[in-house]
Every structure is written in structure tokens, then in C-alpha cells.
Amino acid sequence: MKKRKPSAIDKILRSSSSPESAINKAFNNLSPNKIPVFLSVALKNYLFERSCYRGLVDIEAKDIKTIGVPRELVDRSDDQIFYFSFGILFFYRDYLENFVRLERVFEDELLLGSYNKAEEVLDEIEKNYGSSFWLENNKISLSKLMGTDVNHKYSNVSDLAKLFLKQHGFNLDELDGESITKSFISQLDVFENQVVRDIAAYRFLGYNPEADFDRYKVLAIEFNSSLIDVYKAFEFLVLEMCLKGTGCDKEYDGLSFLNSIGHRYYGLVDTSACKYFDSRFFDSYTSSNYESVFDEFGNIDDDLGVVYILSKTVSYMDVRYIPSCFLHRIINYLADVVRKKNNFESSFNVLGNICWAFRFSSYFYGVYNFLLSEVKADGFVFGYDLSSVSAKFSNINTPLKCYLVQGEVSPLEGMFGSTYNNFNNVLLFGSTDDVPKELDIRQVKYIGRRLVGYGRYQDAIDLYEENDISHDCEMKRDYMFALCKNGKTLNALKFFVELVRDHEGALEYFAINDLYERAIDEISSVKAVELPLVLYWYGVINNNSINKNATAMALANYVRYKGLSVPSDLSFSDDDLNVVEFLEHVCNRDILVKSMLFRYQVDAFDERIKICNLLSSRKIGNTDKLVFESKELSKRKVLDSAAKQVSSSKVYADIDFVRTKTWDEFSECYNDYISCAPLDDIYEKSLAEIYLNLEKGSKESSVNNEFVNILSNQLSAYLSIPDKRSKYLFSMIKCVVEEYCFGIKGLNVYLSTRVRHGTLLTTLLGPAIDEGVVSEEAIDFEAELVRFMPNVSKDVLDELSTAHNIFNKDIISLVRGFRDETIQVTANGKGTVDNAFNFNVDAKDLYRLRSSLNEYPSINECWELINHWLEERLSQACKRVHEEIEHRISEDLAKITDRFISRVEKISSEYSVPISREFISRLAKVRKSFSSQLSIVKGWFVIDSAIDEREYTFDIVTDIAGTMLMSNSIEIVSTAQMRVSHKALSPLVDIVYNLLSNAMKHSVYDKKQLRVGIEAVMDSGSIVLSMTNSTFFDGDIVQENVRLRKYTEGMNDRSLQDLLQKEGGSGVAKISSILKHELGSKGVVKLAYLDSETFCSSITISLESGVILNENTNS
Amino acid sequence: MRILIAEDDKYKADAIFSFLESRFEDLSVDFARSFSSALFKVIDSAEGFDLIVLDMSMPSFDVSEKDPSGGNPESYAGEDFLSQMTLMGHKTPVIVVTQYDSFGTDEKQISLSKLTEKLYKDHRDVFRGSIYFNAATNSWKNKLWTLIDEIVF
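Chains as they are written, first to last, in the numbering used here: chain A, 14 to 1128; chain B, 1128 to 1280.
Because the hints were derived from the structure by calculation, they are not lab data. The C-beta atom is built at its ideal place from N, Cα and C for all residues, glycine as well. Take every hint as true, because none was put in to throw you off.
Below, in silico cross-link-like pairs of lysine-lysine (DSS-like), each with a Cα-Cα straight-line distance of 27 Å or less:
hint, chain 1, residue 1, chain 2, residue 2
1, B, Lys1245, A, Lys195
2, B, Lys1248, A, Lys389
3, B, Lys1241, A, Lys195
4, B, Lys1193, A, Lys623
5, A, Lys951, B, Lys1137
6, A, Lys354, A, Lys632
7, A, Lys540, B, Lys1218
8, A, Lys650, B, Lys1193
9, A, Lys389, B, Lys1245
10, B, Lys1168, A, Lys575
11, A, Lys822, B, Lys1268
12, B, Lys1248, A, Lys498
Some chain A residues well away from chain B (every beta-carbon gap over 12 Å; in silico):
hint, residue
13, Ser300
14, Ala390
15, Ser814
16, Ile933
17, Glu1028
With the rest of the complex left out, here is chain A (with noise of 0.2 Å):
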């Protein structure tokens, strides 16, 4: 019998002597698509007995170590690891068949709520397969439902799964709060190694279209875990090619394989494979009997596409589920995030977080995406029609689904009714056809997109206005869709505010392109306050540089087309909302800045004082928002004045824009941290203590421990917060110095581009350059020596060179150095402890912090106190840079331009060649500008004096609330000789602008006419200070002085919390709270009418508030 000629794989094998160089081999000689038959058979044969591949099944989360790309893996194509993941899969399908099933069933289990039996399932599951990332993922997330303690979960785990696991846990506290995700991918750039990145972003947020990691890295890496990680890692991608219908050959064969092992999803249209469902569910949903699907249809399925369109229905009615399982918690969800009212954005957090608890399920991977088709105005966002979602998760073949995988509805003739016919129906709807009367609201939807389609815009118009569509959002998006398509800019400006006004926290979904488009083409003739409106809008989305002086234009030629100079002089009614948000929002200090109204910078930042004051008081808007922006602004306006000064420091952030960037981040901090009674919870000390071990102990590879270190970083200071109070405020500090530091107006960008491009290495470096000495390109420094020594060898001449190139290398690299690693920002977690510029907030920071706070602390106090400490930061961070420059800066610059001096003169007595006089001079010269170089620089990081020390005389108050309230025509005489702290000034402005204030609004007089006068007296150890204001009052005094003192005295927190409310954050209790929580005194606060000419308020100060009362002052 004729020998078989061996095959490619035989010879592959019998060549090598490893596994490894088979598989190596195996890449270098096979077409990736051959990997998985040379697997088949490589792994039964001897040589990969005790391969780690075949023995994938007894690998467990203990054993996991490292989070590196296997050896034979690295380097490898995308098809490459993607066929050799398959073959190995494919090997093992029979285990994971049943792994797949028990999957279902515990899916099936934790959605109808029965927590225990999925816990169960989970057990079984461990039993024959042992602990993975999924296993472990899952039963934190179940034991978090459940209520249960999560600690006892990680015994079973290696202290790099551990590391992941507890942050998954920690995460798990936070789910029905903020967006997990969302914090997780802005801090993605934290991590610089591109595989820690990628396995980092997979690991939190799996397979999250925003999340951007290396799919296939992912996939090799998790073959360090188990196999049940692998075939998870390698679901995903088939799931999201599938999702994005790439057509690919591994899109093929791996659906095939998750088909062939029973996977839940992407059945294809075939009837055999088609899941019974009663038709009657369809029919009644899309003939718009939402009574019918709700009421007939109690014992609800679990199938994505039943889901979706109960979900749907119930949002229509208006309805919720009494839940009586977590499925109905969802659609609940669901319903709250496609109606888009009340609950939008909670109902988004929660169900976002849930389906990030859960992961690493493909169910919840499906309803994230259905979740985020809710959100996004475009539905091709991450690449795929997040609207066919529903339909390709769905195990139903119904015409939508048979349409989209098929691209046409005939092989279910017959197998549906009515909807069958609608769907069809809307097919058939010719470009010519008259649009059918009495149609139900859902073929209105569908036959008004078919319109829109064939450029029918006026009639799909007049078919959305015909009809009722004020339930449904997709409608209304695409009535404003038609409208832009047909010119109509106006009404869809129009529809836009309102959409965006009704539905608050779903701007993104409405923010469609045409609209963007059709506003930038009308900026030149803006006739309407909505267009500058509607650009601002879509800014809060997406502001880039175009948005951003688009709508500054739209602002100037909408007041020039109004005939006036500034926007403070709109006459608007209080009603008229789309004029005061413009004026709130869109005439904000940036964007005046840009509108080209203004030729002076204090021109534009005094018409937004006007802005603020006019809508203040008149209260509209959001009034402690503005009073306190006007403050801010006030107060820089007339400091600046004061300091009369150009200062030199380049070390600036805009702390206005950051405030306006994180005023309702910051505010929402702010009531969570009020609403949280101030009682320690869990410490978390378990989870601090494994990072510390790690941190010590973990040295297995590079890539693990720049992980942890990364983690632990960024995370420290989270984890060692002992309670959710205190989280709160470090919540509070964590958003303001994120912009504060890294914002786009933010301190990193201007040390960027004001010291460390450019201008740091020309200032310094400059003279030495001028001289010809120092350079940072390559250049022929031979040919200045001959200049210099015409009669020198070759030899000297290459030694001289030598040591100068060695000299120009030690100058270069230290002032890089410098600027690159000293002249940094380290922050949230971000930048190293290298970084001059540290604002990382560690515990004892959050302790001497919340120290500081009282129990309930107003929200500018709370905002004071964090800007105090940036100030401080930012001065000892200064102070840093200076030591640098005059130590180790200094010093080092002139031990290498010395040492460089001695080479050359040693040269010179070696070969007894006479150095240049002149050469030796230019060295002197250059030795000598790096101190006064430095000096300079030095003099970019000087600051004003430590903010606690600085003092205000009184007339600053004054002048700021004056300036807050644009009262420059009111006659104000002070005599009050006092000296105001730093921490006193803030409080001490808000009393003199209420009192202000209050004297305007209820004198008699106007302001051209009102004289005010402020005096401080020393009394009983307190200061007394009295502000008089000409008014005029007709009445009995004495008994309306008996009124206004029952008024004033015996405040308690109760009856002042009560007023405080009553007078919306102004007057009297206003005044009373400033002076007892922010400048610790009694709270008396008098009014009394002198006569009938003078109304006088007097308060009294501590003299521990940080105000001194000049010593000549009379007492």
C-alpha cells in the first residue's frame, strides 16, 4: 500500500519539538483559516499532551497571573488569533454546549427573579467548570441583588482577579446612582501601556460600543483565564460583527459555531429554527392596541424583541408593571427611557449600571444597545443601525427581523396576521402613491419615514400634523426631521426648544445633524432667539470650535437684528423662556467673549453681571446659580482692579469656566452630600489591603504591576474613603479638579501651551542657542571650532567635539526633563508623583477638608473651601518648581557647563593646543545666562501672596457687591474701617449684596436717588455693622418696627431653614445663615425704621469671623 504523503500539519508537528513552535509554525506556514484543522488535530496528538491549551479546562481564577498577550499570540493578525481561538473552542464545543445551556437557564432564573435558583445554576456551573471572570463576575452581581455580602466571594480567586473582582464589587454600591461606565472610560487614558489599556477597558466595561480596546488583544489575553473567559471575549466580537454585519468569513464561521452550540441569538430566518410565539402579540402591538398587549399578554417572555415592544407599549400608555420580577424592573426602565419624561435619566443610570453588572451576559449586552438606540440622535453611531438591535437579538423571525437579516418579508406569508399586512403594506407604499386616509398612529410612523424617503417632506409634515404623535418621541424626531428637509429651519428651531424643554436630559436623541446643518447656514440671518438657542444646545453635546463661535455669531446678529447693542437690553415678559434661557445660558461670560460685541474684555464679563442681576432679580433662571456667578465675577473684576498689576505668572486656569463647566455636577455632589446623614458605613479596608500586597509582592511581570500601580493610584483615595458622606465631598473635589486641571481651560493645557511648548526651551536654552553652543537639532559644532582654532588636528578636533556633543545632551535632556516630567499635572489619578503639580486628593486632604466643613455647609462654602485648597496647591506646587529651578536646576546647568569647560581645557593642556579666548568667554557668557534665564522662568511660577494671609479693606465688599448689582448710579458712603480676611470676604459679599439689594427693592426711591450709608461700630466685643438707606415710609413706625423685630429675633435652624425656603435663598434668613455658617456668629440681624426717611438693618459680627475693625475706628 502506498505510503500517505504527509500533510502541511503532520510536517509541522513531527518538526517541532513544542508545542509552541508548532503553534509558532503552524501561523508562519498555514492561511489563518487552516489554524483551527490544525488544532483539531495538534492538540490529540503527543506532543501537546501537557500543552496549557489542552489543558484549558482546569485553569480557574486562582491561577490567574498575568494579563499579557500569550507568547505565541503576540505580534499575531487579527484573523490569526481569531481562527486559533476558534480552533481551540471548537475543540472543547461539547463542554461549552452545556456551559451555554446552564447559561440560558441562569439568565433565565435572575430575569424572572429567582435569585436563589440562579445561584444555584451559578454552583452548578462552578462545579463542572470551576471559578472564571464571568463565574465570579456574575456571583457579586447576584449576591449584590440579593442583598447578601459580596466578601466572602473572593476566596476562590488569585490576587490579580481579586484586584478586578473587588473593583466590580465596589462599582456594585453605585448602581442606582451615576453612570459607572461613563466615569470608567474618561479615566481609559490613565493607562499607557496599551495591552493594560485594553484588558483594563474589557474587564470594566466589556464589550460597551463606547468603550475603545483591541477586541482580538482581548481575546488573546484572556487565554492567561479560562476557557470560559475565552469563549466569552470571543462571543462578544462574533456578537459585534455580527451587530455591525461585516460579511466577513469570521462573521460567518462564527456564528455558525455559537449556532452550533445553542447560542440564544441570531437565529437565523429560518422557520424550522423560528421560536412560537403567539402572532396575536404582534398584531395587536401594530395595530396600535397597546390596551390589548399590556392587558392579554400578563405572563410576559423574556425574548428581547418581546422586550422591546413591551417596554414600548407600556411607555406609550403611560403605564408601568407592579414589578414582580427583575424583567419587569427592566421594561419599566426601558419605558421610562423611550418616553423620555420623568425618570429619563435615572432610569438610564440604573439599567445602564445593571446591564454593567451583568456584563459579561449577551441578554444585557442586547438590552444595552436597545438602551443606548434610545439615546443617540444617530443610529449608525458605533457603526451598526442601533434600531435593528431589538430585532437581531430577538429569537421571534418577525417581518422587521426577517426584513433586516433578509431583506424582504415573504417567507413569513402567512405566518402573521395584520402585521404581516401592515408591514407589507408600508413596503409596497409606492413614491407616487396618495397617502391612505384614517390610518392608525403606527402606520403614520411608517408611512411618514417612507415619505420622508422619497422626498416627499411636505406631505410626511402634513401627515405627522394630522395626527396625534405627542406620545411617541421617534415621531416627533421625525416630524423635526421632514420639517428640516423641507426648509422649514424656523418651526424646527422652534420644535427643537420645546422637544428639548419637555423632555430634559434627552437632548442627545433629538440633536439631529440636518438640524446642526440647517442652524449653521442661518447664522448670518438670524431673525430668532431660537437659533443661537438651539446651537448653544447642541454645544452641551459637542463643543468644538466651530459650535462654539457659530452660536457667539448667531448671539451678536440676533441682538443686531434686534437694533441693539447688548443683550441686557432684550425686553422680554418673565414668561418668555426661550428669551431668559438665552440670556441664561447662551449669553454666558465665553461666549459674549467671542460674539464680537465687545472691544474690552470687562465690556463683555460687566454685561453678564447685568445679565445675571437682571434675571436675579426679577427671579428667573436658576437665581443662587447666578447671584453666585455674579459674585465670582464681581469679585475677580474688582480685585484685579485693585492688584493695578500685569502679573508675570503663566500658571493660570480659568476657574470661572470651570466653575460654569461643573456648577450642576458640582451641585448634585453638593445635595447628595447634604441629603446623606453624616454616619459612617463599610469601611473598606479589605480592598485597600490587597492593593497594598499587591503593590508590594506583585512583581510578576511589568505589565501587572503598572496596573496596579495605575489602580491603586487612582483609587486609593476612593477606597480609603470611610464613608458615604465623606465620598460625597470627595465627589465634589474629584469634578472640580478634573476641569480645573485637565479641562480645556484647565491648568495642564496652559502650562502646555504657555511654558512647556516652545517658550520653556527658547527662554532658557535662548542665549545659549544665540551663541551657537546649545542646540536640540544636530549640528556641525567641528566647523565653529575651526573657527575658533583654525590650526587644530583632526584628533583635538574630535575630542572637542566629543565632549561637547556629551555636554549639549546632558543640557538638553535635563531641561526636558524639567519641563516633562517637573512642569506636569498628577490628578485624579492621571500624572505621576514626579509631577510638581499634584492635586491628587489623598485621605488626610479629605479629612482636614470635611473637617472644616459644619454639619451642613452652604454650597458656596463648600465651593470656596475646594478653590481655597486648588489655591493652595497650585502656591505649594510654585513653591516646588522654584525649589527645583534653584537646587537641583541650577545647580546641575552649571556642574555641566563646567564640567564641559574642564574637558576642554584638559584637551587643550593634553595636546598643549591654546583654546580661543573668545571660545572660553562664550562658554562664561552661556554659563552665566542660565541664572539669569532661570530667573526669568522662575519668575512664570510666582503667584499671589498664601491666600490666607491676603486682606481686604471693606471698600472691596463694597465694591463688589456694588458691582454685582451694577449700582453705580447709587450714592454709597462708607465709613466702616475694616479689615476683611481671605475666608471672610465671600460671606461678607453676600451680606452686603442682600442688604443692597433688599434696600433697592423696598425703598421708594430709585436708584439715582437712593443714598446709602454703612458704618461699623465696636459693641459688646462684636462688631455692629449698620447700613441706612433713604426711603420713605407712611405709617406707625413704632408698631412697624414691633413687626419687623418679631420678624428678626429668636431664629432658630428650624423657623431659618423655613424662611429661607420662603424667601428663595435671599433676605433676611439669608443674611441670618451667612453670618452663622460661614462667619461663625450669633445670626442677629436688625431692621428698624430711624424715622420716616431712613430704614436702617445692622448685624453683628464675631470677631473670630476673620474682620477686623480698625483700632481708630470709634467704639
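Assemble chain B onto chain A, guided by the hints.
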């Protein structure tokens, strides 16, 4: 040849001016030291400019008696200037000369090459290129001249 140099760094502005002066016989140069003064010069100028040499980071307003410390520094004032030019439909060619390059790991998001790419995409009617200014070398002069050559001749 009418050129506007929008640059707040006097040393750099002088260096650019000296270079242009050495190349053009009939040169008229206007200077602006901030975003708004540059833009107002464009808006107010009756004759217009043949070329604008623009810095990327400038304050928002000039130092003046009314604003003794000038406007706030703006890291991307140049980009904002280009945005307004584009939106107004101005066609004057603009060359960005900046001391900005692509060093430093944390700067990868805003490296000069990336910024240039973005500026070409967003402002193709006015933006003609960007140059890294380094006082220690002459290469910026050669690059600037190459760009001017493409625009003018």
C-alpha cells in the same frame, strides 16, 4: 503685500516680521496681539489682507487702559479665529505659526500634526498650513516661505 501678524509674543512677532521684511519689497504689516483685536482688524479693514500669520495661543483681548491685564489666555484662540473666518465666509489665507509641537506623552491628543489635520478639515477655505516655530533654527523660515510661495506666486 498686506499681512496681518496675529501674535502676542513680541519676540516671535518681530522674528516673523524681520523675515517677511527681508523677502518682500512692498510690504505692509499690521500687528494684533489678541484673538479679538485680530478679528476686529479683519472685520474693520477696508482693503483686507493678502495673508494672515496666526499664533495658536493668544489672550482673548489686548492689554489696554481699560483692561490692564488684558484678556484671559486662550489656548486655542487661533482655532477660534479660523472658525469665525470660516463662518463669516472670509477667504484670506491663514498660516499658523506656533511654538507647539508634538512632544510629551500627555500631549498626544493635541499634537501639532493632529491639530493641522483638523484645521485643514474644518477650515479648508482659509487654512493653508502650520509651522513649528523654533527660534534656534531657520527651518521655520523655509517652511513659511514655501507656504507663502504657494499662496502668493
